[in-house]
Amino acid sequence: YARLWHRGPFQNGGRCDEVLEGENAGMAEAVEEAVADRPEGDWVRDWGGRSDIAGLLDPLLLAGADRSKDQSYFLSGVPGRAFRGVLFPLGNLLKKRSVRFDVDGDGSADGNDEIADAAMTVREIAERAGLPNASKRESMGICFVGRRDFGDFISSYLPDDEEEEGGGKGNGGGPFAGGNFIDVDTGEIVGRRHGSTAHLAVGQGAKIPGAARKWFVAGRTRSRVGVGNGDVLVCGGTDHPSLYADELYVRDEEFNWIGGDVPPPLAAAAAPSTTTTTTTCGGGKYGGGTMRALCRTRHLQHLTPCTVRWDREGSVVVVHFDRPIRAIAPGQMAALYVGEGGLICLGGGPILDRGPTYHERGLDGPRSA
Numbered sequence: 345y346a347r348l349w350h351r352g353p354f355q356n357g358g359r360c361d362e363v364l365e366g367e368n369a370g371m372a373e374a375v376e377e378a379v380a381d382r383p384e385g386d387w388v389r390d391w392g393g394r395s396d397i398a399g400l401l402d403p404l405l406l407a408g409a410d411r412s413k414d415q416s417y418f419l420s421g422v423p424g425r426a427f428r429g430v431l432f433p434l435g436n437l438l439k440k441r442s443v444r445f446d447v448d449g450d451g452s453a454d455g456n457d458e459i460a461d462a463a464m465t466v467r468e469i470a471e472r473a474g475l476p477n478a479s480k481r482e483s484m485g486i487c488f489v490g491r492r493d494f495g496d497f498i499s500s501y502l503p504d505d506e507e508e509e510g511g512g513k514g515n516g517g518g519p520f521a522g523g524n525f526i527d528v529d530t531g532e533i534v535g536r537r538h539g540s541t542a543h544l545a546v547g548q549g550a551k552i553p554g555a556a557r558k559w560f561v562a563g564r565t566r567s568r569v570g571v572g573n574g575d576v577l578v579c580g581g582t583d584h585p586s587l588y589a590d591e592l593y594v595r596d597e598e599f600n601w602i603g604g605d606v607p608p609p610l611a612a613a614a615a616p617s618t619t620t621t622t623t624t625c626g627g628g629k630y631g632g633g634t635m636r637a638l639c640r641t642r643h644l645q646h647l648t649p650c651t652v653r654w655d656r657e658g659s660v661v662v663v664h665f666d667r668p669i670r671a672i673a674p675g676q677m678a679a680l681y682v683g684e685g686g687l688i689c690l691g692g693g694p695i696l697d698r699g700p701t702y703h704e705r706g707l708d709g710p711r712s713a
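Numbering (this note's numbering), first residue to last: 345 to 713.
These are computed hints drawn from the structure, not numbers from a lab.
Hints are not guaranteed to be accurate.
[Said to hold, decoys possible] Below, simulated SDA-like cross-link-like pairs (lysine to any residue); rule was C-alpha separation at most 25 Å, straight line:
| no. | residue 1 | residue 2 |
| --- | --- | --- |
| 1 | Lys413 | Leu475 |
| 2 | Lys551 | Gly495 |
| 3 | Lys440 | Glu471 |
| 4 | Lys413 | Gly675 |
Required output: the full structure, derived from the provided sequences and hints.
Right, dumping it as structure tokens:
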């Protein structure tokens, strides 16, 4: 459930090209409508490098028509050149007759939302074609994991508190070996974890054996920036301030821009100044560029308006959200979008770190984000 806009003629020949050109024309129209009267309308149509042998721009990745099934988040790390000659046949189809999607990114159902209606759903098309799986129950799991506990599956590939990082027996293990659960408010130890803690995600239930209350993972203690030891910070509520932050960081060299180049607004060099230093980064001089976009840090999370800029060294992409986001987890992908309703996926990269939490800033946490 994603779409592509191929910005150039197809060259297969015959009836095949006619069909592809017709479908691609619909993508071009969708992009034109999505960027009309918006800042990105000045650059996104021609954004990217012409690395194709014929001098064509790489395809742009678009969200699927069914936003409740959109999988562009998972594709945000794929280089645009890999999409040449690729089609997503489900991209324009809906799973249900009518689907609502959040155009303004406010996370609520309101008058600004749009409703997409389908003449025929995917299942109805499958039934008409006589496919045996037309009414098969939808799969929500990871196919290669199967009916196994996900934590146990991940732990079987990671060193635990009885093994050294290299696989031998030892007394410490890797950076996420078993350790203590520590209350983020009091600093007290509230439990002990045996085995790897690498699969414990920020915001999920901590599942502390024998605990009298429910605890949630708030993060890890840090022996140095970006590296955890075995101890896990926990908090006493699903809306605790330690779960919320409004900024995240991605290394420039790890961010995949699907167009092939840094978007023009970000590529703008800083004006000469005694206080601002422009730094060579990613093949160009960046420093003063900023860009408005939409961002998500999890699959199907509501897109949140944000401002994108560089850090002072020009080596890290900084995403500052308009409102606090719950459970920003290092290692997860941060995907950026532009256009009405976030139609166009600019790309994404693994989160290096988050900014200070509301707890660290001494602020109360919002009820939801």
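Taking the hints in turn, this is what the structure says about them:
1. Lys413 <-> Leu475: The given pair, whose Cα atoms are some 21 Å apart, holds under the 25 Å limit.
2. Lys551 <-> Gly495: holds, 12 Å
3. Lys440 <-> Glu471: holds, 14 Å
4. Lys413 <-> Gly675: Distance of about 23 Å is within 25 Å: holds.
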